[in-house]
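Enquirer: For the sequence shown, my numbering begins at 109 and goes up steadily by one.
Zero decoy hints are in this set.
List of simulated lysine-lysine pairs, PhoX-like, C-alpha gap at most 20 Å: (1) 349 x 138; (2) 338 x 321; (3) 349 x 307; (4) 269 x 307; (5) 307 x 268; (6) 176 x 140; (7) 276 x 289; (8) 354 x 140; (9) 307 x 273; (10) 271 x 301; (11) 349 x 140; (12) 289 x 338; (13) 138 x 344; (14) 349 x 276; (15) 307 x 276; (16) 283 x 338; (17) 289 x 349; (18) 301 x 273; (19) 301 x 276; (20) 276 x 354; (21) 338 x 349; (22) 307 x 264; (23) 138 x 354; (24) 269 x 206; (25) 140 x 344; (26) 289 x 307; (27) 321 x 344; (28) 276 x 344; (29) 276 x 264; (30) 268 x 301; (31) 301 x 264; (32) 176 x 162; (33) 301 x 289; (34) 271 x 307; (35) 344 x 283; (36) 321 x 283; (37) 354 x 344.
FYI, nobody ran anything at the bench for these hints, they're computed from the structure. Note that the structure is predicted; figures quoted are calculated from it, not measured.
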Amino acid sequence: MQSFSIASGKGGVGKTSFVINLALGLSQLKQKVLIFDADLGLANVDIMLGISPKFDIRFVLNGSLSLKDIIYETEYGFSVIPAGSGVLELTQLNSNQKLLLRAQMEEAFSPFDYLFFDISAGISDNVLFFSQLAEERIVILTPEPTSMADAYAYLKVLYKKSKIKNYKLIVNMAKDNEEGKRVFHQLLYVIEKFLPEIKISLLGILPYDECVKRAIRSQTPYLIYCPEAKISFKIKEIAYKILNEKSRKKDKVLEEFLERFSAL
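Please build the complete structure, drawing on both the sequences and the hints.
Expert: Spelled out as structure tokens, the structure:
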């Protein structure tokens, strides 16, 4: 199993939409994918998919169910661990809650090829916790200066806290490839100047497309809603890239994932 955290620093950059469509793209490549909605107090994945799971993470944290019990299989071929919505106490996990999740992860995650933590915006304790837990980290930003500033802040805080050095970047809502590359190189320049220990690579550039808004309103992944749109082809390219990268290196076993967790 390969695990990714997907973070943004700033809200409103299309992070959850990216996660959902990437999960769908990989599932179309015959991969078993699980999305863990790690925005625990403000769930978004279920809303964007138009689903109403009977159980969510609250039932695990109160001891009623296990993580495996609340996995929801969507009609799109990937699965979801739902978060709660409007639940203040979920916005910061305590040590006992983290240990409870730890004890159940191997059984819940082992059937899957990919695990995506869809992390909330900002730099809260939950954001840093799930970022450290994953094997790899994807950061999403847009051409807006505030998005670039918040992405830099996220990278800085996570490095200062955990010394994590390597990140993949997605530039979303770009006017064209040139703008996407410009945004990447602007952030790269700042990082090389002030945080030279950090290494970032460009995973992909996603164009601005009105069909994304229409797909979100219809609560349908844009890979389904507008399969011929340029952004749909781009997300498929990223899915292929991730799959090819996994095949070129030795696959990480679940035990390594659990070792990272136990070290937190």
